[in-house]
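Whole structure, please, built from the sequences with the hints as guidance.
Chains A and B supply the protein sequences, listed in that same order.
When you number the first sequence by full-length UniProt numbering, it's gap-free, plus one each residue, and the end is 681.
When you number the second sequence by full-length UniProt numbering, it's gap-free, plus one each residue, and the end is 681.
Check the hints yourself; a few may be wrong.
As the list makes no split between identical chains, a pair holds if one copy fits it or if it spans any two.
Straight-line distance between alpha carbons at most 30 Å, and here's what the computed DSS-like set of lysine-lysine pairs gives [unchecked claim]:
#, residue 1, residue 2
1, K328, K343
2, K343, K380
3, K415, K328
4, K648, K380
5, K415, K35
6, K35, K218
7, K185, K214
8, K343, K214
9, K214, K366
10, K185, K380
11, K438, K337
12, K185, K73
13, K366, K337
14, K218, K73
15, K273, K73
16, K227, K185
17, K185, K218
18, K227, K214
19, K329, K185
20, K338, K227
21, K227, K73
22, K362, K338
23, K338, K415
To be clear, the hints were calculated from the coordinates, so they are not data collected in a lab.
The structure displayed is predicted, hence computed values, not measured ones.
Protein chains: 2
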Amino acid sequence: MPLFLPRCLAASAVLLCAVAPTFAQNAPRDVLMPKPASVQFAADGLRVQPGLTVVLSRSQSPRLQAATLRFLKRMEDKTGTELPRSISTGSSGTIVLEVASDGEAVQGPEENESYSLEVTTTGVHLKAATTVGALHGMETIYQLTQPAGNGYVIQAATVQDSPRFPWRGLMIDCSRHFEPLDLLKRNIDAMAAVKLNVFHWHLVDDQGFRIESKVFPKLTQLGSDGKFYTQAEARELVEYARARGIRVVPEIEMPGHSAAWLVAYPELNSGTKPDGIRQEFGISDTALDPTRDETYQFIGRLLAEITTIFPDPYLHIGGDETPAPDWKKNPRILEFKKAHNLKDNEALQAYFNTRVLAILTKLNRKMLGWDEILNPDLPKSIVIQSWRGEASLSAGAQQGYQGVLSAPYYLDAMKTAGVHYLADPVPAETKLTTDQQKLILGGEVCMWAEQLNERTVESRVWPRTAAMAERFWSAQNVRDVDDMYRRLLPTSLELETFGLRHLSSEDAGLRSIAGTERIGALRSFAQAFEPVPFGNRYQEQHTSQLTPLTNFVDAVVPDPPVKHRLELATRALTGSAGTPAASTAATELTEYYQTVGASVPDVQAMIANAPRLQPMAQRAQQLTALSQIGVQAVHYLTAHQPAPPSWKADSLAQLEAAKKPSAIVRFVFQDSLTQLVQAVQ
Amino acid sequence: MPLFLPRCLAASAVLLCAVAPTFAQNAPRDVLMPKPASVQFAADGLRVQPGLTVVLSRSQSPRLQAATLRFLKRMEDKTGTELPRSISTGSSGTIVLEVASDGEAVQGPEENESYSLEVTTTGVHLKAATTVGALHGMETIYQLTQPAGNGYVIQAATVQDSPRFPWRGLMIDCSRHFEPLDLLKRNIDAMAAVKLNVFHWHLVDDQGFRIESKVFPKLTQLGSDGKFYTQAEARELVEYARARGIRVVPEIEMPGHSAAWLVAYPELNSGTKPDGIRQEFGISDTALDPTRDETYQFIGRLLAEITTIFPDPYLHIGGDETPAPDWKKNPRILEFKKAHNLKDNEALQAYFNTRVLAILTKLNRKMLGWDEILNPDLPKSIVIQSWRGEASLSAGAQQGYQGVLSAPYYLDAMKTAGVHYLADPVPAETKLTTDQQKLILGGEVCMWAEQLNERTVESRVWPRTAAMAERFWSAQNVRDVDDMYRRLLPTSLELETFGLRHLSSEDAGLRSIAGTERIGALRSFAQAFEPVPFGNRYQEQHTSQLTPLTNFVDAVVPDPPVKHRLELATRALTGSAGTPAASTAATELTEYYQTVGASVPDVQAMIANAPRLQPMAQRAQQLTALSQIGVQAVHYLTAHQPAPPSWKADSLAQLEAAKKPSAIVRFVFQDSLTQLVQAVQ
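Written out as structure tokens, the structure is:
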């Protein structure tokens, strides 16, 4: 087929013809994410101009002042307009921040995060009970700032806002692969932009103890590969987060996932000593010995130190995945179980947890742990983080335990933002009573790090986490997936202004793989792929901490924007045949499948000189065939022409074959193209 | 003209049809940069495979071991092959590093940086006198590692290498715009990759005193906007650099460029006290008072502290641009000049420098300063850094002073890599005697930071600095600009693996400006532009430290790869008409001009919703016309057809008009298109 490509296609690889839509002069473009509890737009808004003044009319706290100056700098960069570098006290100014108090000395889940915002053509009035509320309000003002004419306006609007859930977190695993402090800082900025408020810092695991202890220096000297956070660095991050209204909850995982502890202090073991820091992934057999007082003395001294670094009211003690075969074999431990009437490992772990809880209570901290800690022996003051399924969250609530949901928010499952978005910590159909529902504090997105490193983590976290941030903040009935995706795109761009690499890492990876900066064809090709989920990759590649992560699978990103656009177009074409929308969709789909298909020969030509591209040879061939199927399917649907007799069966068979593992990637159009083919008569 | 674009063009915006060239199986692809003193390639090379072993056969220094492990990790990432995480002692292994000693306790210009390398199909033998030599050798091995078949080989070669000049530096101005530590670290990595060995840290200027002093804490408390390096951070960078064979030379600028000092300690002033830290750029009127002993006591205590952080044998005291009008007005100073027989400001500054030199000598440091410090009153132990022109370098050498050249290496001049490359600290036509030539220690690339910040600095530094790195390392007669550019591209990709943003910042900037991630057309459009030089921008925009740097000019990069490709193609077409090379060039040029021209309507459609793009409206119109001229010129040249009577004059007039300032950018093809048009009959 001759490849005559319309000009707009030539200029970009994917679904190009839709340039950024133009908006009527006065129609507000609602890109707020998360959606506020209540917002009414009016026409126009406040022009962002150099004469703009900012006043703090009540609280003058240093934290509020610093945050306001940072906000102004971001507004400057967004609008290209020089804005004031100083803020005054008073009640008259273009932007007035009326904040009642600085809020809690140490931020906890009880913090008042509400704010209200009034924007007119002459000014902005932001009112909040606390600094954290004001920070949220400033993020909303930033998102309300949109192009208009030859400049920017803060859109006129009335906003009343407060979060649905008080616990809205992101956990980053810094043990399986270490993440540098500057990366964590910019991810904190990104969290603040979408009103997340808990950074759950997974600091300890089999692969490394990442927080410096001066009491037990060998924990990092022997229990890490040299990469860890000094206490000064950890304090720096706590301060950085506090300045942005984000709590830092440290996780010091015990008694399992503790190979790193045991490399450093083998005397703590239950029978099996690890050879060294684990570089393999998966569940390890080692565990701390829960039967000896020395273990609790160690933990007590360590946690006393940890609490001098992390002031948060909560401390996460891990507690998941502890098969601890030693606890069933070691005679001393068996003796202990018998003496204490602990019938099995679960009971012994609950005993361990009660001992640790006593330590935490003395340190004025509340215990948080994975759902394995749920046990009637533990008091109702503990918080359960449910990862094995929604069921444990409900079970906990029904027994009176507070909980935080993570199970549907595992980023390495490579689900779409839309699927993550629809999972609710308290779904409409919940069986929990109202009081029980109050025990669900919120949710946490989890970024486990077995299959990523500092170069690739951000594209796995963002922008999908923003969708979940909305789930945790906004009302239960805010569930329009298409509208979420519409707002996810500008949010994703906002996050890039913090220096996040989620949008630039793919091209950098492709350049490295191709050995050239001319990656136009490869970029188009990559638009057809995304990584497979964690479990599939684990089976196909069995990564360890030593596995280089510089292949094609590491470059491509989960749920790229084109994936949802394909879904929309497929839906429009198959659902509303004959309409203008269907016609546009047909054009978009044809262009997409033609472009990705057209990229294949150039990519195949590259392969000879790009060994890291060679595993993609089979996928490339499949792409040629599948893209042709795409073009044909659209043709049959729009020409109202029946396909040849075997076309459908044959196409579906090829699509089915494409599901087989190959190069640890899958086609972004696996489902939507199947739908398209199915729709053909 | 209908726009039928060949498929390969569709896949990328610019000069696409040349995909990465394929190489004959055994022909080595020489991408070494800088070019070694001597290299002979052989066929094949050592396959990079998991079984590869690495041994250190002589020196086992911790620094060498750590560097070797880092090198192996980079080799892993490049080849996607798991390599050992440990290195042994011994003399037999796949890769043998035979390093005589760790070298100087504190690296200085006398360090032996030579190495030799023997790579065969069975092994690698790297021999060096010092760790620094070995580091250079490892960088060469990394560059010798190339795709071959379904994997990578380290190309078989015999290399004897050592640098032409001992002083090969990069200066980054961290005062006009602060640069975070992690950014500096990755730029240190990049420097090491191209064998630069001096990081000149411009820490002090009117806009901010960026290094913490515990003796004089107000220097940063009042003399900076809160952004500075703590002593711990500075030591961290010194260590990071040392581990990579790079010296860190701190610049504590005096007596001019000292507004920040004087905000903090006004008692040091010469009569005029600054109102605050300067946010304007340009030369300030304030200066330290060179007549009072208190000034020297202050400097003495400060530099004593500085030398505890920076162990380098040299300390840079600045010394440039000190008009110091107070020294001509303040009666006390006039009195002093009279009493000490100092006839003018230059003599007074020389007096100042001799006093500071005495301080440095006591601290066991050598003085380095900008060329204004050249004065017969100062001993021959000082080193002059020439920035005002090559003449001062030669003048200094003729008077017996050592010197380092910077004048032709100012990155903000927005010169091409090729122009920078051809400037030589000791050109072939030099009038200096052999002994005088030995006084030229080398050169330093200078990145002044008035018009950039952390988001944009790296695209201004790289990859052009790599070309100058070769100038400083390689032989005087290595001057083939086309070959340099050929090797500059893969070098640029290598630098990206350190996390440099020089290749990704443009797209990130364009996304932010456009408000969409679909920037295909804008990316093509941007291929026509680069920023104007410092002086032009200063006149057009008059930036201050407060100016937002998020406009189109900040996104586009100086001397993008396409610029030289256009030059090559224009040369081929106009110089060798009728040949296949000319024919290929004609196709490439036509495609380029068609693509950039075709992008304009899409960009114009974006402009309505992208206020930061609106300043480009005039350039967009010019681009439509100039791109048509380009296509027409190629047509007339290849069709051997004379142009219509007024075409040439009219085209040249439009090109001339395009030189007028507009949006602080210029066309990358300003010169090459003019040449093309001139060639038309």
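Quick rundown of the hints versus the structure:
{"no.": "1", "hint": "K328 / K343", "result": "within (11 Å within a copy, 92 Å between copies)"}
{"no.": "2", "hint": "K343 / K380", "result": "within (22 Å within a copy, 85 Å between copies)"}
{"no.": "3", "hint": "K415 / K328", "result": "neither (38 Å within a copy, 72 Å between copies)"}
{"no.": "4", "hint": "K648 / K380", "result": "neither (58 Å within a copy, 86 Å between copies)"}
{"no.": "5", "hint": "K415 / K35", "result": "within (22 Å within a copy, 48 Å between copies)"}
{"no.": "6", "hint": "K35 / K218", "result": "neither (47 Å within a copy, 45 Å between copies)"}
{"no.": "7", "hint": "K185 / K214", "result": "both (24 Å within a copy, 27 Å between copies)"}
{"no.": "8", "hint": "K343 / K214", "result": "neither (37 Å within a copy, 61 Å between copies)"}
{"no.": "9", "hint": "K214 / K366", "result": "within (23 Å within a copy, 39 Å between copies)"}
{"no.": "10", "hint": "K185 / K380", "result": "neither (34 Å within a copy, 48 Å between copies)"}
{"no.": "11", "hint": "K438 / K337", "result": "neither (36 Å within a copy, 80 Å between copies)"}
{"no.": "12", "hint": "K185 / K73", "result": "both (17 Å within a copy, 25 Å between copies)"}
{"no.": "13", "hint": "K366 / K337", "result": "within (26 Å within a copy, 71 Å between copies)"}
{"no.": "14", "hint": "K218 / K73", "result": "between (43 Å within a copy, 25 Å between copies)"}
{"no.": "15", "hint": "K273 / K73", "result": "between (53 Å within a copy, 28 Å between copies)"}
{"no.": "16", "hint": "K227 / K185", "result": "both (17 Å within a copy, 16 Å between copies)"}
{"no.": "17", "hint": "K185 / K218", "result": "both (27 Å within a copy, 27 Å between copies)"}
{"no.": "18", "hint": "K227 / K214", "result": "both (16 Å within a copy, 29 Å between copies)"}
{"no.": "19", "hint": "K329 / K185", "result": "neither (45 Å within a copy, 50 Å between copies)"}
{"no.": "20", "hint": "K338 / K227", "result": "neither (41 Å within a copy, 61 Å between copies)"}
{"no.": "21", "hint": "K227 / K73", "result": "between (33 Å within a copy, 14 Å between copies)"}
{"no.": "22", "hint": "K362 / K338", "result": "within (28 Å within a copy, 74 Å between copies)"}
{"no.": "23", "hint": "K338 / K415", "result": "neither (45 Å within a copy, 80 Å between copies)"}
In summary, the structure is inconsistent with hints 3, 4, 6, 8, 10, 11, 19, 20 and 23 from the numbered list given earlier, while agreeing with the others.
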